[in-house]
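**Student:** As a plain string of letters, each chain reads:
2 protein chains.
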Amino acid sequence: MKTKKGVILLSGGIDSATTLYIAKQQGYHLRALIFEYKQLHRKEIAAAKKIACCAGIDYQCLSINIPWSRSALTDSRIPLPLDQAAGLHGIPSTYVSGRNIIFLSYAVSFAESINAKAVFIGAHIHDYSGYPDCRPEFLDAFQAAIRRGLKVASIKIVAPLLRKSKKEIIRTGLRLKVPYKFTWSCYSGRRRPCGRCDSCYFRARAFSELGIKDPLCEK
Amino acid sequence: MKTKKGVILLSGGIDSATTLYIAKQQGYHLRALIFEYKQLHRKEIAAAKKIACCAGIDYQCLSINIPWSRSALTDSRIPLPLDQAAGLHGIPSTYVSGRNIIFLSYAVSFAESINAKAVFIGAHIHDYSGYPDCRPEFLDAFQAAIRRGLKVASIKIVAPLLRKSKKEIIRTGLRLKVPYKFTWSCYSGRRRPCGRCDSCYFRARAFSELGIKDPLCEK
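Quick mapping for you: the protein sequence lines, in order, are chains A and B.
Here our numbering is used: the first residue of the first sequence is 220, the next is one more, and so on.
Here our numbering is used: the first residue of the second sequence is 220, the next is one more, and so on.
These aren't lab readings, by the way, just hints derived from the structure by calculation.
Glycine included, C-beta positions come from ideal geometry on N, C-alpha and C.
A couple of the hints might just be wrong.
[Said to hold, decoys possible] Capping the alpha-carbon separation at 27 Å, the derived lysine-lysine pairs in DSS-like fashion look like this:
(1) A/Lys243 with A/Lys396
(2) B/Lys336 with B/Lys243
(3) B/Lys383 with B/Lys396
(4) A/Lys370 with B/Lys257
(5) B/Lys370 with A/Lys257
(6) A/Lys370 with B/Lys383
(7) A/Lys223 with A/Lys269
(8) A/Lys383 with B/Lys370
(9) B/Lys375 with A/Lys375
(10) B/Lys396 with B/Lys268
(11) A/Lys375 with B/Lys336
(12) A/Lys383 with A/Lys268
(13) A/Lys268 with B/Lys257
(14) B/Lys268 with A/Lys257
(15) B/Lys375 with A/Lys370
(16) A/Lys257 with B/Lys257
[Said to hold, decoys possible] In silico negatives: residues of chain B with every beta carbon more than 10 Å from chain A:
(17) Ala274
(18) Pro298
(19) Lys386
(20) Arg410
(21) Cys419
(22) Pro434
Next up, chain A with everything else stripped away, as it sits in the complex (with noise of 0.2 Å):
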């Protein structure tokens, strides 16, 4: 019998889909979060419900409103990064503000509510390195906060990504077989893969170091 429930954060990305996967893995009764913020890639939130149904999980669906938002990922007269490395100079302009700040906040209340004991985010510090609220120290000093801001203290958040490359991530999935021909990586918000941003790039890059094709480009 499964008893420990956790919450995901399902983005429709190869992370989060793998995350999902090991936390199953590890014996969790998950509930996933998707999120729909505005974003121009809104087709990954198809993939993500896509995914919470091959994974067998109930998942909740929110739209929430960050008006204020200037990221290439919500303003289309804000250029996508493609210089395939845009992590390296800083932080890309793909960056919302506080957006794992306010997911994380909303996962700690649904899992506080459900009675979950961990919440699952598939951040990572490579590839995206530019985004400050993927790093360890930000999820380490989140915790901390939530567990004297709740009622629960000892929910946790859980990245079990954090110090994987995008190839080991992909190479861990296979293994767990997450339907990544379902999962969708690519900013641009077009039907098909730009292949030019920087999501796509490092995705390309990854299936290509592990010699096989992406599932994605065989659909």
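Could you slot chain B onto chain A? The hints should help.
**Tutor:** Frame of chain A, contents of chain B only:
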């Protein structure tokens, strides 16, 4: 010329209204965030807007969805505490899981996006000491988390009422000409204050201790 920008979490009650006027006096050019979270006492939203107008500041009203919330503030089937010291017996039924964590997350995102230096919150440890997300140790830890999770590490969480009693808060506010007649405290969701819930009790007691009539009751 006002140059310091700030964000204020405005609920329509005495505490946040007083905090607003304190921040104004400190020279902050403020923007308010008002949240609609399906609270039964929606009248506080109109109160918050009125106070923002009186203070001459702009506001954003955000609807947020926390469908899992099991609180007497959002579910009329859960009784409001009427024993006038609910917080002394543990966390009261009016607790909304993660509410200040969510509110502050939006506020710091907003602050970062408009180059504001501070986020003001009317939290205090007296009267409602049952809420874990009003405690100084939570606010300190949240401050540490956003220092690591935001692009602008210097945004400050400011809670000027933290250790003041309701009586001291109102005394300060009267000096600053806070329009208390437009504030709203009652949790019951009725047209007139119920006079029985915790929030009515602490408000009435503070005005009584100051030997003055609550201007809300004179309207």
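**Student:** Quick check: which numbered hints come out false for this structure?
**Tutor:** 11
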